[in-house]
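Trainee: Taken in order, these protein sequences are the chains called W and U.
Counting in full-length UniProt numbering, the first sequence runs from 1 upward without gaps.
Counting in full-length UniProt numbering, the second sequence runs from 1 upward without gaps.
Hints may be right or wrong, so weigh each one.
Identical copies carry no separate label here, and so any pair may be met within one copy or between two of them.
Said to hold, decoys possible - Think about it this way: if two alpha-carbon atoms lie no more than 30 Å apart in a straight line, the pair counts; the simulated BS3-like pairs of lysine-lysine are: (1) K236 with K28; (2) K97 with K154; (3) K52 with K306; (4) K154 with K193.
These are computed hints drawn from the structure, not numbers from a lab.
Protein chains: 2
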Amino acid sequence: FPHGHGPEGKAKGAVPIYVHNPHLDALKDDILYHFSLGTGSHNLPAMFGDVKFVCVGGSPWRMKSFTEFIAAELAMEDPKSEYPNICAGTDRYAMYKVGPVLSVSHGMGIPSIAIMLHELIKLLHHAHCTDVTIIRIGTSGGIGLEPGTVVVTKQSVDATFQPKFEQVILGKTVVRSTDLDQSLAQELLQCSKRLNQFETVIGNTMCTLDFYEGQARLDGAFCSYTEADKQEYLLKAKEAEVCNIEMESSVFAAMCKLSGLRAAVVCVTLLDRLKGDQLSSSHEVLNNYQLRPQKLVGSYIKQQLKNINQRSNQ
Amino acid sequence: FPHGHGPEGKAKGAVPIYVHNPHLDALKDDILYHFSLGTGSHNLPAMFGDVKFVCVGGSPWRMKSFTEFIAAELAMEDPKSEYPNICAGTDRYAMYKVGPVLSVSHGMGIPSIAIMLHELIKLLHHAHCTDVTIIRIGTSGGIGLEPGTVVVTKQSVDATFQPKFEQVILGKTVVRSTDLDQSLAQELLQCSKRLNQFETVIGNTMCTLDFYEGQARLDGAFCSYTEADKQEYLLKAKEAEVCNIEMESSVFAAMCKLSGLRAAVVCVTLLDRLKGDQLSSSHEVLNNYQLRPQKLVGSYIKQQLKNINQRSNQ
Numbered sequence: 001f002p003h004g005h006g007p008e009g010k011a012k013g014a015v016p017i018y019v020h021n022p023h024l025d026a027l028k029d030d031i032l033y034h035f036s037l038g039t040g041s042h043n044l045p046a047m048f049g050d051v052k053f054v055c056v057g058g059s060p061w062r063m064k065s066f067t068e069f070i071a072a073e074l075a076m077e078d079p080k081s082e083y084p085n086i087c088a089g090t091d092r093y094a095m096y097k098v099g100p101v102l103s104v105s106h107g108m109g110i111p112s113i114a115i116m117l118h119e120l121i122k123l124l125h126h127a128h129c130t131d132v133t134i135i136r137i138g139t140s141g142g143i144g145l146e147p148g149t150v151v152v153t154k155q156s157v158d159a160t161f162q163p164k165f166e167q168v169i170l171g172k173t174v175v176r177s178t179d180l181d182q183s184l185a186q187e188l189l190q191c192s193k194r195l196n197q198f199e200t201v202i203g204n205t206m207c208t209l210d211f212y213e214g215q216a217r218l219d220g221a222f223c224s225y226t227e228a229d230k231q232e233y234l235l236k237a238k239e240a241e242v243c244n245i246e247m248e249s250s251v252f253a254a255m256c257k258l259s260g261l262r263a264a265v266v267c268v269t270l271l272d273r274l275k276g277d278q279l280s281s282s283h284e285v286l287n288n289y290q291l292r293p294q295k296l297v298g299s300y301i302k303q304q305l306k307n308i309n310q311r312s313n314q
Numbered sequence: 001f002p003h004g005h006g007p008e009g010k011a012k013g014a015v016p017i018y019v020h021n022p023h024l025d026a027l028k029d030d031i032l033y034h035f036s037l038g039t040g041s042h043n044l045p046a047m048f049g050d051v052k053f054v055c056v057g058g059s060p061w062r063m064k065s066f067t068e069f070i071a072a073e074l075a076m077e078d079p080k081s082e083y084p085n086i087c088a089g090t091d092r093y094a095m096y097k098v099g100p101v102l103s104v105s106h107g108m109g110i111p112s113i114a115i116m117l118h119e120l121i122k123l124l125h126h127a128h129c130t131d132v133t134i135i136r137i138g139t140s141g142g143i144g145l146e147p148g149t150v151v152v153t154k155q156s157v158d159a160t161f162q163p164k165f166e167q168v169i170l171g172k173t174v175v176r177s178t179d180l181d182q183s184l185a186q187e188l189l190q191c192s193k194r195l196n197q198f199e200t201v202i203g204n205t206m207c208t209l210d211f212y213e214g215q216a217r218l219d220g221a222f223c224s225y226t227e228a229d230k231q232e233y234l235l236k237a238k239e240a241e242v243c244n245i246e247m248e249s250s251v252f253a254a255m256c257k258l259s260g261l262r263a264a265v266v267c268v269t270l271l272d273r274l275k276g277d278q279l280s281s282s283h284e285v286l287n288n289y290q291l292r293p294q295k296l297v298g299s300y301i302k303q304q305l306k307n308i309n310q311r312s313n314q
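Chain W extracted, bound-state conformation (with noise of 0.2 Å):
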């Protein structure tokens, strides 16, 4: 129980949001030009230092009725109420706030999602949160599941199957481990278990850089294989246990181990990738299945506050 919270209610010591980077402190304003907030401009700590949770996700839309549905779930504010995007004087992310949860839309693929968690963690850091746990929602091809089964990830591995994302600095490949909280994916399974609302899974997850080739689709502008390379290929997956296919877990991962953040990835399987590659499926289907994860993990976040206003009532 890294941040201080063990199931028998002790609060250990608080963990603080990690940065490594000592020319921050030399920086008179911090402008997180991508949320377009800043040191300078907003107080972090009042706007943000209550914050236990956040969720983020790939699309704004997704984002905002997360927190819709989490407002409703923790009967925080009034569901009916609009939530403001924090983030209204850009177009690059979305967030929104109730109570101790933060929701965050991070775009698609790597680049995209590690250009938000820098901001982010340096968010967490500047409004001095402790205790932090992070997860992504998201959606996901799945290799010889259910559609809509939910994968909570055990590892996450790139496209040879290996636990790792390299970092590029200054021209040089650094390798880090995509590391995420085994405890942490063990809770949300036995959540999935209590909640008994649809199939949950833990195992890994292949983190790719492109939705087509990458994946070994077969529709995609360019496809220079077979569909027996294809099958080849996600059997391979399979046996090294992956079990879905997306576009951030890797770097996810890497930076919120180096920040001391608490991590799991939660996301739904839209396709069985083995028998086809188009999102086909009505989008009353996709939306359903896009909704589990939100579910879960909105569960999840009740329960453990629940936890801890035990705790600070004992």
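Based on these hints, arrange chain U on the given structure of chain W.
Mentor: Just chain U now, with coordinates in the frame of chain W:
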């Protein structure tokens, strides 16, 4: 003049959009999921068959404002009318159209623009478009240039200054050329000279996978190098004729070349990276800079359409 229109106004054979995927013919419908469009649900030739210019940029707001700007510039529609977002069914990308000009957002980073380009190339192919010119209008960090300078890309290079893009396919790396159309780059430079409103140069553009560590910034959440290391790296880039740094040009160049699209990258520099990292200029100044690629490309398109009309009237 690979796309059939020489300066003498002689139309040669029309150049189609090439997809390189034998599997596409076998699809009954082709769902362009991230556009919320498809061959089964939309009449793509009727909607897009007349497209001759595609402008792409990271920010959906900027691409909407470009649409309003180009409509006024071409005097083709009431500049005060509202242009509907053609991709209103999704929040992944935004798309607008005025006459033969399509304007599409692509988010931040190589994976995000690659998804958009796969679906855009298929869209143009399904719509039977010919002789299409595509221009990325973006923002970037400059190296040794006055902020506000516009850079037309000669070659897109990677973080080691090589003109290549590495595409991972079935777990193996395939190297692709990042050549752009040199005659188009020269035409854009000449156009900017006629316009005479801001400085424009031709030079190499470095395309990175990350905004902070990947671009040697000192203001990210993590930084393991010194100011001297940063300066050394950026000066090496300058020696390799790198004028600016952004995050999409390499895969843009590679994919456009493969599909026969005449392509250029036109980015304004928002700051001089030799002098700093933070985007601390006022919003007014930055917004003014961001208009410059729009003005240049708008002026170019206006001139080209005039040439085409003159030819058809002869």
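Trainee: All the hints need checking, so say for each whether the structure fits it.
Mentor: Quick rundown of the hints versus the structure:
1. K236 with K28: Between copies only: 29 Å across, 51 Å inside.
2. K97 with K154: within (28 Å within a copy, 44 Å between copies)
3. K52 with K306: Only inside one copy: K52 and K306 sit 13 Å apart there, 59 Å across copies, limit 30 Å.
4. K154 with K193: Answer is within: at 17 Å inside a copy they meet the 30 Å cutoff, but 56 Å across does not.
Every hint, counting from the list given before, is met by this structure.
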